[in-house]
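S.K.: Those protein sequences? They're chains A, B and C, same order as listed.
As numbered in my numbering, residues 61 to 335 make up the first sequence, in order.
As numbered in my numbering, residues 4 to 324 make up the second sequence, in order.
As numbered in my numbering, residues 25 to 562 make up the third sequence, in order.
Be aware that a few hints might be false.
Said to hold, decoys possible - Here are the simulated lysine-lysine pairs, DSSO-like style, with alpha carbons at most 27 Å apart:
#1 K237(A) with K106(A)
#2 K143(A) with K223(C)
#3 K239(A) with K136(A)
#4 K237(A) with K278(A)
#5 K97(B) with K37(C)
#6 K136(A) with K223(C)
#7 K106(A) with K239(A)
#8 K136(A) with K278(A)
#9 K187(A) with K239(A)
The hints are simulated quantities; they were obtained by calculation from the structure and are not laboratory data.
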Amino acid sequence: MRLVHNITASLALLLIMPGIAFANKPTDGGYWLQDAATPVMEELTKLHNFVFWIILGITLFVMVMMGWIMFRFSAKRNPTASKTTHHVGLEVAWTIVPIIILLVMVVPSMRLLYFQDALPETEMTIKVTGNTWNWEYAYPDHPNVESFISNPLEKEDAGDLYLLKTDASLVVPVDTKIKVLITSSNNLHSFAVPAFGIKMDAVPGRINETWFEVNPGKEGTYFGQCSELCGVNHYKMPIEIEVVSKEDFQSWVANDGAFTTAVVSYDNGSIVLQD
Amino acid sequence: MAGHAVEHDYHLIPPSPWPFLSGCAALVWGLGMVTFFAGLVDRTGSSPMAEWFFANGLDTLKSSLTGDGSLSGGWIILLVGCLFAAYVMYGWWKDVAAESAAGDHTPVVDIGLRYGMIMFIMQEAMFFVGWFWMFFELGLFHKVRATWNPDILENAAGYADSMAPGVTSVDAWHLPLMNTLILLLSGTTVTWAHHALMHNDRKGAKWGLFLTIALGIIFTWLQLIEYAELFHLRESGHEAWIGNNAYGSAFFMATGFHGFHVLIGTIFLFVCWVRLLKGGFKPEKHFGFEAAAWYWHFVDVVWLFLFAFVYIIFAMNGVAH
Amino acid sequence: MAGIGYDDHDDGKPGFFARWFYSTNHKDIGTLYLIFGIISGIIGGYLSFMMRMELSEPGIQIFENGHAYNVFASMHGLIMIFFMVMPAVIGGFGNWFVPIMIGAPDMAFPRMNNLSFWLLPVALICLLISFFVPGSASGNGFGGGWVMYPPLSTSGAPGPAFDFIIIGLLAAGFSSIFGAINFITTILNMRAPGMTMHKMPLFAWSVLVTAFLLLLALPVLAASLFMLFTDRIDGGTGFFDPAMGGDPEMFQHLFWFFGHPEVYIMILPAFGMVSHVVSTFSKKPIFGYLGMAYAMVAIGVVGFVVWAHHMYTVGMDVDLKAYFLAATLVIAVPTGVKIFSWLATMWGGSISFSIPMQWALAFIFLFVLGGVTGVMLANAGVDVALHDTYYVVAHFHYVLSMGAVFGIFCGFYYWFGKMSGYLYNKWLAAAHFWLFFIGVNVIFFPQHFLGLNGMPRRYVDYPQEFELWNQVSSFGAYITLAGVGFFLLMLVEAFIRKRPAGANYWGDGATTLEWTLSSPPPYHQFNTLPRIEQNDEH
Ligand code: HEM
Ligand SMILES: [Cu+2]
Ligand SMILES: [Cu+2]
C-alpha cells in the first residue's frame, strides 16, 4: 500500500531530516518551517523554535501530571477521596508562573514583530498585484522593465513543480533590501513566500508593504503560494521568485527584463502564448 | 414529596403555536428578502408567471420610482412574509396581554420581563455599535487611507473621495435639528404619560402617550422628506446618496436602521395606547408600557449619537467644497 | 437523595404534535436541539469527509473545480459552528440542565425558547438551499469561506447563494440572541432559594458567560451581514468597495469582533460540562470553584479585545499588532487557571474512568495542545509564517473538533441516562471514544506539519511535497468515521434495549440538582422549589 510505504519512507526521513538541507520550497513529508533565506525568516525561525520549546514543555508537564494523577489517584489505589478544594498558594502560583512565562516570551516576540514590520532603508522596490488568478509584477525603479504577468504552469509543463512553478518568475537581486508593494485588482489574495518569512494580504484599494533581503549565497528559485482565499483558482496562483546575483540582475534589467522569454496571459482558462 | 400542586410563582406556559409559526413566517420572509433584493430568476420573459413571483423586486421598485413602470412583480413573497410575521406577532402579544390580565405575571415574572427587556435593548445597542464603528472608520481614517501611495493606486481618486472633500453632507441645523428637538420633546411626553399613569391620571396618560406617538410620526415624516430631497440631489455624484459613496452608504444605513427602530417604537407605543384606551394597565403594574418607554428612550439616545457624530461632526469635516 | 416521584398518569404531557412543535418545555426543546445538532453534525461531517477524500492525494479527484471544494469547506465551517456545536452545547445541554441545576422549573421565557429553536431549522434550510442556487461564475453555492470576506462575498459571488446564507445566518443569529436573553434572565432571576451566584454550578456559570458573549457579539455580526447584503445589491451601498471609498478590511474587523468571542461561545459550555464530569468521577468538589468561575468571566471579557489576532497579515499598523499580540497572550492565563484547577480537582481524588471521564480527560489533554498552538499563533511575528496555513487549521480543530466536540460527547455520555432514562452500552461507547480519539488525532496532528512546511488552507489541490501528511490525515478520517458509526450504533442499541437508568447512576460524586430527580425527570420538575443548604460546599 502506498500509504504504508510513504510512512516508512518518511520515518526514515524523519531521523535524518535535521541533517539534510531544506530546499527553497516545501519538502517531501516535511514537518518543520522551510529553510530561512532572509534575516527575517531566520529570526522568525528562532522565535518559533523558542516558543516551541516552551509550549512543548507546558504540554509535557500537563501530560505527565495527568498521567501521574490518573495512576496515583485511580479509584483502585486511592479509594477515599480527599476533600481539599482550596490552596491559595497553589492558585496564586499557577496564575503567576504563566504570566512570567508569557513575559519571557513577549520580549523576543515584540522584537521580531518590529524587526519584520519596520521597513528599513530599502534599495529597491517591486510592486505585486494579485489578479484572479495570477500575479503581476512591476519594477517601478526600472521603468524599462515592463510589468508582466506570472501564470501557473499546467501539470504537463511543471512536472514535479506543479502548483509551484510559473511561466515567469519575479527576478530580484541577492543581498539587497527590497521593498514589496502589494495590492490587488479585485478579490483578496496574499503574497506569501515561506522561505522569506513574508506574507502580506493583497487588498483592493489599498497598498500594503513588506520587505525582504535574501542572504548572500542564497541565490536560487523560491516558491510561495497565494494565502488568502480568492475564489475558484485560489490553489493555483503560485509565486515563483528567482534570486540572482547583483550583476546578473543588472544585466537582466539592462536587457529590459530578458530572461522572461515568452509572456503568457491567461485567457478563459487556457494559456495564450505571445512572443 | 409534593405531587402536582405548583408551589412557585413562575409562569409555566402551555404549548403555543406562535414560535413554530414564527419560524414558518421567517422562512417565507427570508425567501422574500432574497427574491426582492437579489432575485431568483432572471427577467427573460420566457416564463412570466415564475418571473412575477421570483424575479428581482427591487428592479420593479426602481422602475416605478423612475416612472417608467415597465417591470412588475418580485415583491409578493416578501409581502406575504411580512404579513405572516405581523399576524404571528399580533397573536403572540395578544396572548401575553391576556396572560398579564389574568394575573400570570407575578412579581418574579415581572422582574424577569424587565431583565429580558434590558438584555434586548443591550443587543440593540450593540447592533448600532456595528454601524457607528463603520461610520467612525470611514470618517476618521479615510484620509489616512487615501494617502497610501495614491499615485500607484488606480482608483485612488475614488478612494480619496470617500467623503471629504466633495461630499456635501446633510446640513445638521435644518431638519436634523428639528428632529432632535422633536425626539427630545417626545421623551418628555412619554415620561409625563408614565407619571400620569402611576398617579392613576388615565386621561393625562392617554394624552401624553398620544402626543408621543404623534411626535414619533412627525419625526418619521420629516426623515422621509429629508431622504426625498437627497434622492433628488443624488445625480450629482458627490451628494450623500446611498449608492454614491461609502459616506452615503453609512449615512443611509445608520439613519435608516434608526428610522426603522423609531417605527417599531411608535408601533409599540401605539399598542400601549390602545391597551390604555381599552382600560388596560394599572398604576402599580404596567410593564408593557414601561418597556415601550424604555425602548423609546433608547431610540432617542441613538438619535442623539447620530446627530452629534453623523450630522454635526462629520458634516463639519465634510462640508468642503 | 431519592428521586422525586414520577407519576405517569397525569404529568401534563400534551399530544405528539403540540408537544414537539408547540413546545414550551425546556427539556423537550433541549431534546429538539440535540437531535438538530446530530443531524447538522452528520451533514457537516459528510462535507468534511468529502474534503478529506479529495485531499488524500494530489490532483483533483472528487470536485468539479476549486469552487465546489470551497463551497464544501465554507458550508462545513458554517454548519458545524452555527448548527452543530452551538445548538448542542447551548440549546441542547443548556436548555436541559441550566434550569434544573439552578433549581428552576423551566426557562424564563418558555415560548421564546421555542422560537430560538425553530429559527434554526429555518436557517439551516436557507443554507441548504444555497448549495443549489447560483453562486459565482464557477458554479452553484457560496465558496467564500465561513469568514465571508468581501470582495469574494460581494462582487465575487453575485448569485443568490450567498444571500440565502446571509438570511440563514441572520435567523441563526436571532435564535442565539433570543436564547441568550432567555438564559441570562433565567440564571439571574430564577435560582432556587439559597442558590446564590457563588453556589451556582459551573455549567450554569459557563452558560451565563456564553450568553453575554452571544448577546454582545452577535448583533455586530448582524450589522456586518446587513452591510454585505446591501453591498451586494446593484446600486446599493459601498461599505467594502474601495471604488466607493469603502474598505474590505473593515468587514474583517467587524467579523472578528464577533468571531473571536464566538470561538469562546463554543468552548465555554464545554468547560462547564467537563468541570462537572471531572468532579463527579474524582469524587471531589471542584478545586478553586471561584477561580474557575471568574476565569470564565475573564476569558469572556478579554475575548472582546483580541479580535485582530486573526488579521496580522492584512497590513495593520505595527503598534496595533503589538497590542493585539499582548492582549491575546493574556487570555492564556485564565485558560491555564482552568487547566490546572481541573488537574487539582483530580489530585487526591478517587478517580473512576467511566466513559464521560475518558472524554473529559481527553478534552483536557487535547485542549492544552490546541491552546499552546494558539499561543504560538498569538506571536504576530511567527503568525506571518503560519497564518492561513494548515497550522491554523490544526489549532482550531484541536480546540474545536477535540475541545468543543469532546466536551459535547463528554456531556452527552454524562447525561444520556438522565435525559433518555436509558443506560448505554459501555463497549459501544468505548469503541466510539477510542476510534474518535485516535481518528481526530491522526487527522489533525499531521496538519501542524503541513502548516509549518507552508501548505496554505482552502486548497483543493497541492504540490506533491505535501502528499504524505495529507494522506495520513485523510486516513484518520476513516477512523473517525468508524467512531461516529459506533456513536450512532450506541444510540440505537440504547433505545432498543431500554435498560432503565436510576436517578443517580453515577453515585456519590454527582452532586448537582439533576441527580435528585428521576431519569428522565418529570415533565415539570420542582413544583416545589428545592432549597439549597447554607453550608458552604465549595
Ligand atoms: C490560549 C488560547 C488561544 C489563543 C492564544 C488563540 C490564538 C489564535 C490565533 C492567534 C489565531 C489566528 C491564527 C491565524 O489565522 O493566523 C487563532 C485562530 C483560531 N482560533 Fe484560536 N486561540 C486560542 C484558543 C482558541 C479556542 C479556545 C478556540 C475555540 C474553541 C479557538 C478557535 C480558533 C479558530 C476557529 C481559529 C481560526 C479562525 C479562522 O481563521 O477560520 N482558539 N487562534
Ligand atoms: Cu488566493
Ligand atoms: Cu481568536
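S.K.: For every hint, state whether the structure bears it out.
M.R.: Taking the hints in turn, this is what the structure says about them:
For the suggested pair K237(A) and K106(A), the alpha carbons sit about 21 Å apart, so the restraint of at most 27 Å is met. Distance restraint check for K143(A) and K223(C): the Cα-Cα separation of roughly 17 Å lies within the 27 Å cut-off, and the hinted pair is therefore satisfied. At roughly 66 Å between alpha-carbon atoms, K239(A) and K136(A) are farther apart than 27 Å, so this suggested pair is violated. Between K237(A) and K278(A), the direct Cα distance comes to roughly 14 Å. Compliance with the 27 Å bound is thereby established for this hinted pair.
With a CA separation close to 24 Å, the supplied pair K97(B) and K37(C) stays within the 27 Å bound. Pair hint K136(A) plus K223(C) does not hold up; C-alpha atoms about 31 Å apart against a cutoff of 27 Å. With a CA separation close to 23 Å, the supplied pair K106(A) and K239(A) stays within the 27 Å bound. Taking the CA atoms of K136(A) and K278(A), the gap is near 61 Å; set against the 27 Å cutoff, the hint is violated.
This hinted pair checks out: K187(A) and K239(A) have alpha carbons roughly 8 Å apart, not beyond 27 Å.
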